[in-house]
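Chains as they are written, first to last, in the working numbering: chain L, 12 to 266; chain F, 12 to 266.
No lab work stands behind these hints: they were computed from the structure.
Warning: the hint list may mix true and false statements.
Intra- or inter-copy, both count: the list cannot distinguish identical chains.
As a list, the in silico DSS-like pairs of lysine-lysine whose alpha-carbon atoms are at most 30 Å apart [to be verified]:
{"no.": "1", "residue 1": "Lys-90", "residue 2": "Lys-266"}
{"no.": "2", "residue 1": "Lys-189", "residue 2": "Lys-110"}
{"no.": "3", "residue 1": "Lys-90", "residue 2": "Lys-189"}
{"no.": "4", "residue 1": "Lys-189", "residue 2": "Lys-261"}
{"no.": "5", "residue 1": "Lys-220", "residue 2": "Lys-107"}
{"no.": "6", "residue 1": "Lys-189", "residue 2": "Lys-220"}
Protein chains: 2
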Amino acid sequence: MPEDREVHVYLLPELVPSGRLVNGLAVVIDVLRAATTIVHALAAGCCAVRPCAEVTEAQELANQMRAGRVLLGGERGGKPLPGFDLGNSPAEYTPKLCKGTTLVLTTSNGTRALLRAAEAERVLVAGFVNYSAVCEQLRHDARPIHIICSGTEGEVSLEDTLLAGALIDYLCETMEVKLDDSARLAWDCFENHGRVLDGALEISKGGAKLRSLGYDDDIRLAAQVDQFALVPELRRDPLRVEVGAVGIVKSHWPK
Amino acid sequence: MPEDREVHVYLLPELVPSGRLVNGLAVVIDVLRAATTIVHALAAGCCAVRPCAEVTEAQELANQMRAGRVLLGGERGGKPLPGFDLGNSPAEYTPKLCKGTTLVLTTSNGTRALLRAAEAERVLVAGFVNYSAVCEQLRHDARPIHIICSGTEGEVSLEDTLLAGALIDYLCETMEVKLDDSARLAWDCFENHGRVLDGALEISKGGAKLRSLGYDDDIRLAAQVDQFALVPELRRDPLRVEVGAVGIVKSHWPK
Numbered sequence: 012m013p014e015d016r017e018v019h020v021y022l023l024p025e026l027v028p029s030g031r032l033v034n035g036l037a038v039v040i041d042v043l044r045a046a047t048t049i050v051h052a053l054a055a056g057c058c059a060v061r062p063c064a065e066v067t068e069a070q071e072l073a074n075q076m077r078a079g080r081v082l083l084g085g086e087r088g089g090k091p092l093p094g095f096d097l098g099n100s101p102a103e104y105t106p107k108l109c110k111g112t113t114l115v116l117t118t119s120n121g122t123r124a125l126l127r128a129a130e131a132e133r134v135l136v137a138g139f140v141n142y143s144a145v146c147e148q149l150r151h152d153a154r155p156i157h158i159i160c161s162g163t164e165g166e167v168s169l170e171d172t173l174l175a176g177a178l179i180d181y182l183c184e185t186m187e188v189k190l191d192d193s194a195r196l197a198w199d200c201f202e203n204h205g206r207v208l209d210g211a212l213e214i215s216k217g218g219a220k221l222r223s224l225g226y227d228d229d230i231r232l233a234a235q236v237d238q239f240a241l242v243p244e245l246r247r248d249p250l251r252v253e254v255g256a257v258g259i260v261k262s263h264w265p266k
Numbered sequence: 012m013p014e015d016r017e018v019h020v021y022l023l024p025e026l027v028p029s030g031r032l033v034n035g036l037a038v039v040i041d042v043l044r045a046a047t048t049i050v051h052a053l054a055a056g057c058c059a060v061r062p063c064a065e066v067t068e069a070q071e072l073a074n075q076m077r078a079g080r081v082l083l084g085g086e087r088g089g090k091p092l093p094g095f096d097l098g099n100s101p102a103e104y105t106p107k108l109c110k111g112t113t114l115v116l117t118t119s120n121g122t123r124a125l126l127r128a129a130e131a132e133r134v135l136v137a138g139f140v141n142y143s144a145v146c147e148q149l150r151h152d153a154r155p156i157h158i159i160c161s162g163t164e165g166e167v168s169l170e171d172t173l174l175a176g177a178l179i180d181y182l183c184e185t186m187e188v189k190l191d192d193s194a195r196l197a198w199d200c201f202e203n204h205g206r207v208l209d210g211a212l213e214i215s216k217g218g219a220k221l222r223s224l225g226y227d228d229d230i231r232l233a234a235q236v237d238q239f240a241l242v243p244e245l246r247r248d249p250l251r252v253e254v255g256a257v258g259i260v261k262s263h264w265p266k
C-alpha cells in the first residue's frame with residue numbers, strides 16, 4: 012500500500028520552516044489579489060510574470076527590458092504605484108495590453124510568498140479562478156504538497172485559508188492524505204465558508220480594505236471559481252512565472 | 012450604542028505585532044499542556060506559578076527559593092527534565108505535593124506565550140478545564156480581547172485554535188463583537204471539532220506527540236471541560252501566575 016500523501020498548510024509565508032520545501036511541490040495562494048491577477052495576466056497573453064519583492068527592484072528590472080514589451084504592475088497598501096503601467100486589479104490586465112509582454116510585478120503579500128516558495132522543486136500559483144486546474148496538477152504529482160497562504164500584511168487571511176481548505180477538500184476526496192493541524196483548520200474554514208464565497212471574501216480583512224478603496228469588482232472577480240483552466244508555474248534563470256499547464260477534465264468545486 | 016468589542020486571535024505568539032497588546036486583555040491558551048497544568052497546580056494548592064523561558068533560568072530561580080516551599084516543574088520535547096521535581100502532566104500536581112508551594116515552571120510553548128502576553132494590561136490563562144470561568148471574566152472586562160494560542164513547536168495547533176474558537180463562540184453569543192480573520196478561522200474550527208473534543212485533541216500534532224510518549228491520560232485530562240472554576244491571572248513584580256478569580260454562574264459550554 013502506498014504511503015499517505017503528506018500535505019502541509021502554512022497560514023503565512025513566515026511560518027514555513029527553513030528548508031522544509033526542498034523536494035516538495037509548493038502551491039502559492041494570494042486570492043486578493045496577486046494570484047488572481049497573475050492568472051488573468053497570463054490568460055490575457057502575458058508571456059511571463061517576473062515577481063519582485065521591492066518597488067525599486069521592479070522599476071530597475073522593467074527599465075532594463077525593451078520598452079513596449081514590458082508592463083510594470085503592482086501595488087502598496089492596495090493602491091497603484093506612481094509611474095507604474097498598471098495596479099493589481101485583475102480586470103486591468105486586458106489582452107490588448109498584455110499580449111506578448113512580460114509583466115514585472117511587485118505586491119505587498121503575494122510576491123513575497125512566491126519568492127519564499129522558490130525553495131520547492133516545483134511551484135504553482137493558485138486562485139479560486141483556476142481552482143480545478145490546480146487540483147489536477149496536485150493529483151498528478153507525487154511530491155509532498157506544501158500550500159502557502161500569503162496572508163494580509165503579516166496577518167492570517169480568511170480568503171487564502173479558505174482556498175487552501177478547498178484544495179484540502181479535493182485532496183481528501185481523491186487520495187489518502189496525512190494532514191497537519193493547519194490543513195485541518197483550513198478544511199474547517201472551507202466547510203463553513205465555501206458555499207458563501209463572495210460573502211467570505213467581503214468580510215475578510217483584505218476584502219474590507221479593498222472595498223474601502225473602491226475595488227469591489229476585484230473581490231467579485233477573485234471569487235469566479237474556474238474562470239480559467241491554466242496553472243501558473245515558477246521557472247528559473249531568471250525566476251519567472253509562466254503558464255505551466257492548461258486544461259481541466261472537469262470542475263472539482265463541490266456542488 | 013456602544014461600539015462592538017474588538018476580539019483578536021493570534022494562532023501563535025510570534026504573530027502578535029509588537030505593542031498590540033498594550034491596554035488590552037490577553038488570554039493565553041496552551042491546552043497541551045501548560046495552561047491545563049497551571050490550572051491543576053493552582054487548584055491543588057500552589058500559591059503561585061513562576062513562568063521561566065529557559066531551563067537554567069528555572070533552575071536558578073528555584074535554587075534561590077526556600078527548599079520545601081518550591082516545586083521545579085516543566086518539560087522539553089514533552090519529557091520531564093533531569094533534576095526537576097515534576098514534569099508537565101496535570102495529574103502529577105496533587106494537593107499533597109502542591110499545598111503552600113510556589114511552582115517554577117518552564118515548558119516548550121506555553122511559558123513563552125505567557126511571557127509574550129505580559130505586555131497586556133491584564134493576562135488570563137485558559138484551558139478547556141476552566142473554560143466557563145474564563146468566559147465570565149471576559150464578559151465583565153471592557154478591554155479589547157487578545158486570545159493568544161501557544162501552538163506546538165512554532166506550528167499552529169488544532170487544540171489551541173479549538174479553545175480560541177470556543178471562546179469566540181461564547182463572545183458572539185453574549186455581545187456584539189468585531190472579529191479578525193484568525194478569530195473567524197478559530198470559530199470555524201470550533202464549529203467542526205467542538206463536539207468531538209477528545210478526538211480532536213488526539214489527532215492534533217501535539218496530541219499525537221503525547222500519545223507517542225505514553226501521555227494519553229494528559230489528553231483526557233485536558234479535555235475535561237469546566238473541571239475547575241478558577242482563572243489563573245498574571246501578577247507583576249515578580250512576574251507570576253496566581254488565582255485571579257474563582258467561581259462560575261453556570262456552564263457556558265454549548266450543549
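Hint check:
no.: 1; hint: Lys-90 - Lys-266; verdict: neither (35 Å within a copy, 47 Å between copies)
no.: 2; hint: Lys-189 - Lys-110; verdict: neither (42 Å within a copy, 44 Å between copies)
no.: 3; hint: Lys-90 - Lys-189; verdict: between (40 Å within a copy, 25 Å between copies)
no.: 4; hint: Lys-189 - Lys-261; verdict: within (25 Å within a copy, 39 Å between copies)
no.: 5; hint: Lys-220 - Lys-107; verdict: within (29 Å within a copy, 56 Å between copies)
no.: 6; hint: Lys-189 - Lys-220; verdict: between (35 Å within a copy, 15 Å between copies)
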